[in-house]
Structure formats: structure tokens, C-alpha cells
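K.L.:
Here the protein sequences come in this chain order: A and B.
With our numbering, letter number 13 in the first sequence gets 147, and the count goes up by one each step, no holes.
With our numbering, letter number 295 in the second sequence gets 296, and the count goes up by one each step, no holes.
Just so you know, the hints here were simulated from the structure itself, not pulled from any lab data.
Treat each hint with caution, since some may be false.
[Claimed, not checked] Covered stretches of chain B (chain A as the covering partner; in silico rule of three or more C-beta atoms under 8 Å from a C-beta of chain A):
no.	region
1	124-136
2	377-383
3	459-469
4	490-498
5	504-510
6	515-527
[Said to hold, decoys possible] So the derived list for chain B, only partly shown, Cβ under 7 Å to chain A, looks like this:
no.	residue
7	HIS41
8	GLY45
9	ASP281
10	GLN289
11	LEU530
12	ALA542
[Stated by the list, open to error] In silico negatives: residues of chain A with every beta carbon more than 10 Å from chain B:
no.	residue
13	PRO192
14	GLU289
15	ASP314
16	LYS458
Cβ coordinates follow ideal geometry from the N, Cα and C atoms, glycine included.
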Amino acid sequence: MPIRDDVLVVGGGLAGSIAALSAAEAGASVRLVSYKKSTLRFASGLIDVLGYPNGDGPVSNPYDALSSLPDDHPYSLAGEQAIRDGLDLFDEVTADSYRGSHTDANALVPTYGGTVKPTARYPEASAAGLASDARSMLVVGFRSLTDFDARLVSEHLEAAGVPFEVRGAELSFPEEFRADAKVTRFANALDRDEEIRFAGRSVGAREALAETVKPRLKGVERVGFPSLLGDEHADEVRADLESHLGVDVFEIPMGPPSFPGLRLEDALFAALDDAGVRMSTGNPVVDYEADGDELQAVHVDQKRRKVPYHADEFVLAAGGLVGKGIDSNRSRVREPIFESYVPHPSDRYDWFDTDAFGDHPFARFGVVVDDEMRVLDRNDAPQFANLRAAGAVVGGADGAAEKSSSGISLATGVVAGREAGASI
Amino acid sequence: MTDTPHVVVVGGGSTGCGIARDLAMRGLDVTLVERGNLTHGTTGRMHGLLHSGGRYAVSDQASARECIEENRVLRDIAAHCVEMTGGLFVQKPDDPDDYFDEKLEGCRECGIPAEVLTAEEAREIEPYLAKDIKRAIKVPDGAIDPFRLCVANAASAQEYGARIEPHAEVVDVLLEDGEVVGIEVEHASGPGKRVHRTPGSTEKIRADYVVNATGAWAGQIGEMAGVEVAVRPSKGVMTIMNTRQVDTVVNRCRPKGDADIVVPHETTCILGTTDEEVEDPDDYPEEQWEVDLMIDTLSELVPILKEARTIRSFWGVRPLYEPPGTGTTDPTDITRDFFLLDHEERDDLPGMTSIVGGKFTTYRMMAEKISDHVCEQFGIDTACRTADEPLPGSEDFSVLRDYMDEFGLRSPIGRRSVQRLGSRADEVLKTGEPNPVVCECEAVTRAEIRDAIEQSGSDLNAVRIRTRASMGNCQGGFCCHRMANELYPQYDEPTAREALDELFQERWKGEVHALWGEQLSQAMLNYALHATTMNRDGDPAAMDGAVDFAAFDGGVGVDASDGETGRSDATAADGGTRRGER
């Protein structure tokens with residue numbers, strides 16, 4: 135019996151999940167196919183909508199800046215309402231684990247690079263760390279954690295002009311972990327509240343950590359940690375630390391493996407489950423079947439056997455260069471599943487800028503879509519009547535420079551999913 | 002003269018550092034100046050081949066003999082910089098038999114151990130060799146770390162009392178009464194270790210003798226002294242692969258040509274090279290076709306290279322020289338021999354000698370010859386000891402123990418650290434502190450990073466060449482900022498930030514020559530981590546104008562526009578459970 139659904143979404147990151155949820159909301163039966171772990175484990179878990187339009191910023195209101203974006207920018211195509219709808223759906227999915235919906239204004243969140251960055255939604259775990267909050271701050275780091283020196287971060291925050299007192303302290307984690315223990319080791323110990331030796335007695339890891347921090351508080355009103363305060367029980371870990379310390383506690387998002395990103399992935403998958411979206415993970419989509427301009431099925435490589443997955447509507451949300459939804463070789467850039475049109479300079483020496491943070495054409499590589507997120511060919515006609523795209527696989531924006539990657543995933547995901555669902 | 006004479010060596014490459022060491026060991030008072038890092042010029046931009054001499058066994062037998070001799074010396078005195086991989090000269094069907102025979106005979110004439118292997122035997126050593134190869138000659142080629150070697154020479158010179166001044170660019174050669182009496186340098190950030198944001202200064206260094214060991218830049222120093230040194234800089238590209246497709250040096254066995262060697266180097270392979278004369282050693286095009294040529298031509302020899310991941314490319318300039326009147330047009334025909342130009346004999350300008358030409362493998366021998374020459378000027382007849390006395394790090398190379406337990410390091414990391422540090426391992430790794438890994442690609446620990454900072458100041462590129470940190474697959478995306486963290490608190494926040502920016506740009510520079518496939522994905526990931534997650538490109542601390550913090554969200558219950566930042570209720574300690582809790 136063939137596998138058949140109304141809507142098939144390729145890709146299990148933020149864009150794919152939102153597209154699948156939007157399609158399901160429209161009443162379609164939806165299947166999501168994802169290959170590798172999503173790139174959320176590399177992501178900060180912050181939902182940036184727009185912080186630096188056209189290189190200016192940081193801007194406090196992302197919506198005010200939308201009209202200045204070029205016509206082929208995904209936001210210009212999807213429209214402001216799609217961004218708002220995407221955020222609404224996101225807020226629904228994440229319920230009270232994210233903040234920021236009370237205002238259109240961006241928040242400035244401290245980064246582990248010591249800077250602050252504008253973002254539209256932030257995990258509750260990061261909420262007490264906002265840079266526009268005048269309360270004094272202590273940033274805590276751990277000596278064996280090389281990614282982050284709390285004293286350097288706090289001095290950098292000062293250099294950024296934050297309107298509060300900030301100090302940094304580097305501590306030894308109160309248990310003898312090996313010197314190169316990963317953040318997951320710390321997080322697990324806190325999650326399970328492992329009994330450890332501390333000051334001559336056996337106490338829980340959370341209490342031991344709080345006791346280590348306590349002498350450094352010296353009257354500060356909030357304490358920031360690198361994002362390793364638990365995994366599955368992160369809220370509980372944070373609450374315990376707050377009650378031991380008597381001040382608010384927050385996390386500063388870190389690089390991979392990123393707990394805020396992983397927690398967001400869990401929330402999305404739970405919502406997909408609730409919405410009845412079928413999931414097929416672990417195998418790549420490698421090919422497709424079409425009848426004229428109508429896609430019939432995609433082929434999933436399952437142990438070298440090509441299994442067709444049929445659907446009426448398809449959403450490509452396989453990610454950009456990082457997620458390998460866009461691939462390249464020495465002579466060209468390509469979208470590997472449907473061979474969709476990906477505009478790019480023919481000379482690969484025109485793909486980059488010589489400045490590391492310059493205006494990189496490669497950052498904008500992706501497929502071309504219309505205002506319903508239909509994938510277009512090189513003549514601006516739909517490649518297939520029933521293929522849409524969402525997220526980083528869509529070209530035309532440098533989400534890293536603009537701080538818009540997540541917002542683009544939400545807006546394009548909502549439009550692609552909704553339109554796909556409505557076409558059933 | 003009762004005091005030892007003061008010699009200034011200009012140039013901190015392998016030759017300059019070798020000369021500084023040699024002269025210092027003979028008791029002379031030496032100052033070495035280098036405009037960039039040690040190895041900044043040609044030394045830091047070579048493919049890391051320790052020649053057996055096989056390469057020159059047909060075309061230049063004198064060089065071939067020197068190579069095998071020095072090959073043996075370096076294995077001895079610089080064991081921690083050398084990996085004896087062995088080498089193969091591989092014949093493809095269209096490579097001439099005559100040349101193969103000449104090569105074999107040449108090797109034997111020059112005392113280079115050489116053995117003919119059948120195609121099957123060669124593929125047993127290197128399984129990725131092309132299916133159609135005919136046969137190969139096995140020779141004792143090896144891989145050598147030019148950074149480690151050069152730094153070890155400088156360190157040894159220092160131990161013998163020399164002053165080593167990197168980041169000191171010569172701006173003038175001082176002349177008095179038709180004689181060279183010293184140089185004037187501009188210190189990028191004051192004398193001593195380089196520290197970012199420290200203002201520079203100039204210094205006149207008077208000397209009894211000046212040695213110009215600036216290689217491809219020798220003409221520029223000559224010009225300052227009013228003499229002509231007609232170096233012919235010739236560029237060559239090298240492309241770095243992300244793994245060792247071969248564990249043996251693989252050479253193409255044919256008369257000459259571009260793209261004919263693959264050198265396994267640490268965790269990588271280096272493909273080389275081209276040979277093209279350039280006008281200016283500081284300004285020449287780095288072109289796409291050169292990179293493509295490496296991959297396309299060498300994959301005829303090792304086909305897997307065609308699909309493999311490259312991580313960056315770099316170019317070096319050879320300091321080729323030929324005596325006036327030779328008239329060679331093709332740079333590949335110019336001799337690789339070195340020349341000692343005594344400007345007193347040649348140009349009637351006492352007090353200075355230039356050394357040009359030559360090659361990395363014979364740097365020590367060149368240094369010995371020029372040191373003999375300098376000593377002669379002073380009537381000193383102390384013997385050279387550089388062939389016998391091991392370099393710092395190679396004194397006792399029996400230290401390759403399993404360091405896992407001793408330093409609490411995971412086995413491969415401990416092993417790699419110890420290989421890099423050689424006999425300095427104890428001194429560097431025994432800090433009594435936790436020693437986490439800073440660079441995962443190259444397995445470099447905090448202790449090594451801190452040791453390198455101790456040697457070179459806040460210059461993270463100097464830390465990089467000493468440790469290999471940031472030189473692996475991710476090209477620093479995951480570790481540049483960690484390296485900068487290690488500068489603190491010895492150096493302040495702005496200094497650490499500037500050092501990080503400089504290293505990040507340097508890593509980007511070479512990576513652009515590998516931006517397709519996996520490495521383009523990696524570049525995008527690095528960009529996302531540094532721009533999206535850290536916001537290093539939109540850093541308010543680096544921007545003009547203050548951020549209006551009051552205009553941004555201050556938390557739930559706080560009106561963003563009123564500038565009041567009251568207590569947020571966002572993190573009430575109610576222990577709320579997480580959605581989707583398992």
C-alpha cells in the first residue's frame with residue numbers, strides 16, 4: 135500500500151515544523167520527512183525577526199523596517215501579516231516557554247560573544263537577562279568551559295554600553311568533571327540533581343552550584359549562566375537556583391550543542407505530535423516523480439531502496455547551505471532534490487566577499503519563490519504547480535547579517551503550509 | 002674588541018632563525034628582526050616537505066646530495082618537527098620510462114636510498130593511487146612542520162642570548178662612510194612581544210654586521226642599502242585537504258610540471274604547486290585556476306582528491322636567484338641553489354651580506370655557511386654545532402609516552418600534544434590546572450595555547466602557528482573565540498577582541514579559495530555562529546553611536562518606550578514545567 139498524505143514536508147527544522155503545523159491547521163493530513171538532526175542544535179533558540187535591515191541597526195521595531203527591504207526579500211513576498219501569523223503560531227506552540235509577544239519591540243539579549251543582539255522572541259530561560267533591564271548583573275562562567283569567559287563577556291557588555299552594572303566571575307564547577315567535560319555533562323548533572331561532594335558533605339548539584347555562586351553575588355539582582363542549566367528539567371533547575379540564590383537566573387545562548395535550540399526542537403516535535411503530523415525521520419529524500427508540472431511523489435532512500443512518498447502538495451524546507459538543502463561543487467550551486475533553480479554567479483570567486491563579515495552572496499543562495507512560496511524556475515514560472523519552499527532553502531536574504539533567519543522560517547513556513555493545506 | 006660583535010639578522014624565516022641560532026651558539030651577540038610573525042614570509046607558506054633529495058636527483062645533483070644530508074640531520078636535531086612518512090615517485094602510463102630510470106640512477110648516485118616498487122606494491126603503501134600507475138620509486142621523503150622548526154630555532158637562539166624581534170619592519174639600512182652600521186626598524190606595537198593596541202615605535206639598531214636573510218624580499222633591503230639584489234620571486238599555490246588521503250609523500254615521476262606533489266601534513270594533505278614569476282612578493286594574484294589545477298592534475302595520480310574536501314589554499318613566493326647574466330626565462334629552470342652575496346666584495350659596501358635562493362630542507366646548511374662567513378669577518382673560528390645539538394623540544398624524544406593518565410587527557414589529544422611539544426611536553430602541560438581542549442579539530446589544549454601566548458603576546462596568529470589551533474576543518478569557526486578567551490585576563494577586553502577579529506579575518510582569507518561543497522557549508526555555519534548567535538558583526542561595542550536601550554523590550558510588564566526598566570516578572574521562580582516534558 136503506497137504511502138500517501140495530503141501534504142508532504144521535507145525538512146524538520148523550524149520552517150518545516152511550522153509549515154507542517156500550518157498545513158495541519160488547514161485540515162490537511164500531513165507528513166514530515168527529515169533526514170539528519172535539524173540544524174536547531176546549532177542555533178541559539180532565539181527567534182530573530184529583523185535587527186539590522188540593510189546593514190542598519192540594531193532597530194527596535196522590526197516591522198517599521200520591512201518596507202525598506204528589496205522586493206525579492208522573503209519578507210517582501212510573504213508580507214508583514216505572515217510574519218505576525220508565524221509568530222502567533224510559534225507562541226501557541228511554545229506556550230509559556232518563550233517571551234516577547236507582549237510587544238512589537240525587539241529585545242536585546244546578551245550573547246556568548248559578549249555582545250547583545252536584537253531578537254523578537256526569547257526563551258523564558260533568557261528572559262531575566264535582557265539588556266534593556268537596568269538591574270545589576272553577574273555573569274558566571276566555568277573555568278573548564280573554553281567557549282565563554284564570564285569576565286570577558288561582562289567587560290564586553292560594558293563596552294557595548296549596557297545600562298546596568300555587570301560583573302563576571304569564573305568558577306570551578308562543584309564537581310570533579312574531567313577537564314574537557316562537555317556542556318551536556320554539566321546539564322545532565324543539574325537535570326538529575328546528582329549528589330556530589332561539596333564542602334565536606336553530599337549535596338545536590340543544583341545546591342552545590344548555587345553555594346559556589348553565592349559568595350560572588352554581592353548584591354546583584356540577576357545572574358547569567360552559559361546555557362547549560364539542565365536539559366529536560368531546565369525550568370526546575372533554574373527555579374531551584376533562583377530559590378537558593380534569591381535572585382533571578384538566566385541563560386546566555388551558546389553554540390552547538392545548543393540547549394535552547396534542542397529544547398525548541400522538542401517543543402516543535404511535541405506540537406507536531408499533538409497536531410497529528412506523521413513523522414518519518416532518518417532517511418534522505420533523493421529523488422521525485424512528476425507528471426507534467428505536477429509532482430506525484432518524492433523518493434526516500436531507505437537502506438538503498440527508493441520508497442515513494444505520495445502527496446498532493448509538497449513543501450521543501452530542507453535548509454540552506456548548513457542543512458544541505460542547498461549544495462554546491464566547484465562549478466555551481468544546486469538544490470539537490472528537485473534541481474530547482476538557484477540563482478548564483480557562475481564564477482565561484484564571486485560567491486563571497488573578502489571581508490569575513492562582508493556582504494556574502496553565498497549567504498543569500500537559495501531557491502526563488504513567489505508570494506505563495508511556490509518554487510519558481512529561471513523564467514519566473516512555477517517549477518511544479520504543487521511545490522512550495524520555506525526557511526533557509528529560500529534565497530534572497532542574508533539572515534545572519536540581518537538577524538532575520540528565524541523570522542523568515544516562520545513567515546515562509548506559515549505561507550507555504552497554509553497555501554499547501556488550502557490547495558487540498 | 003673585547004665585547005662580542007653585534008650582528009643583526011634581518012628575516013625571521015627558517016634561514017634567518019637558523020643563522021641567529023648558529024651565530025648565538027658561537028657566542029656572538031645577535032639581534033633578529035622580522036617584519037611579521039616568525040615564518041611570515043616564505044617559510045610559513047611552503048608545503049612542509051622534508052626533501053630526500055629525490056626531487057633534484059636528475060636536474061640538480063649537488064642540491065640532491067645536500068638534501069639527503071640535511072634530511073638526516075633534521076631527523077636528528079628536530080625530531081619533534083619531522084614525520085618520516087617516506088615518499089614515492091609514481092609513474093603514470095604517459096610518464097617517460099627514460100626519466101624513471103634516470104631518477105632511480107640519480108638517487109643512487111647521490112646516496113639517496115631508493116627502491117623500485119611494482120604498481121601493486123606501491124598501492125599496498127598508498128591504496129588511493131590511481132589504478133593505471135606503472136610503478137614507483139620509494140625514497141626517504143618526509144613531512145616537516147616549518148612553523149615548529151622555525152620557532153624552535155628562534156627559541157634556541159634566545160636561550161643563547163639572542164634578541165628576537167618579530168613585528169619589527171626594517172625601514173632603513175644605516176650607512177656611515179660607505180659602510181653598513183645597522184638598521185632602523187618600526188616596531189608594530191613596541192619592542193618585545195606583540196600586544197594589540199600598544200602604540201608602535203621606531204628603533205635604530207647599530208650593528209657591526211648585517212645579514213640580509215629576507216629571501217624574496219632581499220632586493221628591498223638591498224635597495225635601502227643602495228645595492229642591487231636581483232631576486233626573482235616565483236609564486237606557488239598550495240591547496241590543503243581536510244584529511245590525509247595519503248600517508249606518504251606522493252610525487253609524479255616526470256621531468257617537471259605544475260601540480261605534481263601531495264604531502265601528508267599532520268591531519269591534512271597539502272597539494273602543490275605552481276611556479277610562476279611575479280613582480281612583487283607582496284602583491285600578486287591568487288587565482289582560481291591555480292586551485293583547480295592542483296585538484297584536477299593531482300587527481301590523475303590520486304583520484305579520490307577530485308571528490309575530497311579542501312579547507313583552504315595559500316600561496317608562497319620562492320626567493321629564486323641566479324647570478325647576473327644567466328638569462329633563464331622559465332622560473333622552473335632557475336637553480337634552487339643558494340648564493341651568499343658579500344656586498345663588500347660585490348658592491349664595495351662593507352658590513353652586510355645577503356643570502357638568497359636555497360630551499361627549506363637545507364636551511365641549516367645555508368645558515369652554517371653564512372655564519373662561517375660572518376665569523377670570518379670578525380676573525381672568529383668557533384665551529385658550528387647546529388648539526389649536533391638538538392633543538393628545543395627535540396632534546397629527549399623518548400617522551401612519547403601515553404599521557405592520558407598523567408595529564409587527564411583523552412588519549413589521542415595527549416598523544417598529539419606530546420608529538421607537537423616533544424621534550425617540552427612536561428614543561429608546558431604540567432600546569433596543575435584543568436586543561437580542556439580549545440581547538441577540537443587539531444586537538445589543542447588550553448595549556449598549549451597559554452604557552453604560545455607566553456611566547457608571542459596577544460598575537461593569535463602567532464599562537465596559531467605554534468599550536469595549529471584553528472587550522473583544521475572548521476578553520477577557526479569553533480575555536481577562534483576560545484583562543485581569544487585565553488588572552489584574558491592577562492590582556493584586556495579590547496585587546497582580546499581585536500586579536501580575535503584579526504585571526505578571524507586571517508582564517509577567512511585562505512578559506513575563500515575552498516568555498517564549495519562541504520567547506521562552503523562550513524563557512525556558512527561559521528558565519529551563522531559568529532554573526533547570528535554571537536552577533537559579532539553587529540556588535541554595539543564596535544559601532545559608532547550608542548544604542549538606545551530604552552527603546553527595546555525590557556521584559557514583560559515593562560513598557561519598551563518609557564525607558565523605565567522595572568523588575569521583570571518573566572522568571573518568577575514558580576518551577577513551571579516545560580511543555581512536552583518527557
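K.L.:
Do three or more residues of the region 515-527 of chain B come closer than 8 Å to chain A, measuring C-beta to C-beta?
P.N.:
holds (count 8)
K.L.:
Can the hint on LEU530(B) be confirmed by a CB-to-CB distance to chain A that is less than 7 Å?
P.N.:
With Cβ-Cβ at 5 Å, under 7 Å, it holds.
K.L.:
Quick one: see if chain A covers the region 504-510 of chain B, three-plus residues with Cβ-Cβ under 8 Å.
P.N.:
Satisfied; 5 residues make the cut.
K.L.:
May I ask you to check that PRO192(A) keeps its beta-carbon over 10 Å from the closest beta-carbon of chain B?
P.N.:
violated, 6 Å
K.L.:
Should the hint that ALA542(B) touches chain A count as held when the rule is a Cβ pair under 7 Å?
P.N.:
holds, 4 Å
K.L.:
Residue count check for the region 459-469 of chain B against chain A: does it reach three with CB-CB under 8 Å?
P.N.:
This one is violated; 0 residues, fewer than the three required, reach chain A with a Cβ under 8 Å.
K.L.:
With d taken as the least Cβ-Cβ distance between ASP314(A) and chain B, does d exceed 10 Å?
P.N.:
Contrary to the label, ASP314(A) does not stay out of reach of chain B, its closest Cβ about 4 Å off (not over 10 Å).
K.L.:
For the region 490-498 of chain B, does the count of residues with a C-beta closer than 8 Å to a C-beta of chain A reach 3?
P.N.:
Since 6 is at least three, the answer is holds.
K.L.:
Between the region 377-383 of chain B and chain A, see if three or more residues pass the 8 Å beta-carbon test, and mark the coverage as holds or violated.
P.N.:
violated (count 0)
K.L.:
Are all C-beta atoms of chain B more than 10 Å from that of LYS458(A)?
P.N.:
violated, 7 Å
K.L.:
Does the CB of GLN289(B) sit less than 7 Å away from some CB of chain A?
P.N.:
With a closest approach of 5 Å, the GLN289(B) hint holds.
K.L.:
Tell me if HIS41(B) is really an interface residue toward chain A, meaning its C-beta lies closer than 7 Å to one of theirs.
P.N.:
Since chain A brings no Cβ nearer than about 20 Å to HIS41(B), farther than 7 Å, the hint is violated.
The structure does not agree with the numbered hints 1, 2, 3, 7, 8, 9, 13, 14, 15, 16 stated previously, though it agrees with the rest.
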